[in-house]
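Reminder that position 32 of the sequence shown reads as 23 in the working numbering, one-by-one numbering, no gaps.
Mixed in with the good hints, there may be bad ones.
Unchecked claim - Label pairs and their in silico Cβ distance ranges:
(1) Phe41 x Met21: 24 to 32 Å
(2) Arg7 x Phe40: 26 to 34 Å
(3) Gln14 x Ser48: 48 to 56 Å
(4) Cys27 x Pro(-2): 38 to 46 Å
(5) His45 x Ala16: 26 to 34 Å
Source of the hints: derived by calculation from the structure; they are not laboratory data.
Beta carbons: idealized from backbone N, C-alpha and C, even for Gly.
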Amino acid sequence: MITSFAPPLIADAVHRWAVESQQRARRNAMLATTECAQRRAEREEVDEFFAALHAASAGTADTRAAHG
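Start from the sequences and build out the full structure, keeping to the hints where you can.
Below is the structure:
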C-alpha cells in the first residue's frame, strides 16, 4: 500500500483524491441514470401519443369506409 512508502502528507493527498474521485464518479453515474430515465419516460409518452393518434385515425378511416 502507498501509505507504507510515502510521507504522510502525500499519502493523505492520494487517499483524498481516491475518495473524491470515487464520489464524483458516483455522482456522474446517478446523474446519467436520471437523465436516461427521463428520456425513456419521454420516449414512452411520445410512443403512447402516436399510438393513440394512429388508433384514432384508423378508427376514422374505418368509419369512412363503412359509410363510404
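Evaluation of the provided hints:
1. Phe41 x Met21: 24 to 32 Å: Because 31 Å falls inside the window, the suggested range holds.
2. Arg7 x Phe40: 26 to 34 Å: Violated - the Cβ-Cβ distance for arginine 7 and phenylalanine 40, about 49 Å, lies outside 26 to 34 Å.
3. Gln14 x Ser48: 48 to 56 Å: 51 Å, holds
4. Cys27 x Pro(-2): 38 to 46 Å: 43 Å, holds
5. His45 x Ala16: 26 to 34 Å: 43 Å, violated
Violated hints for the displayed structure, listed by number in ascending order: 2 and 5.
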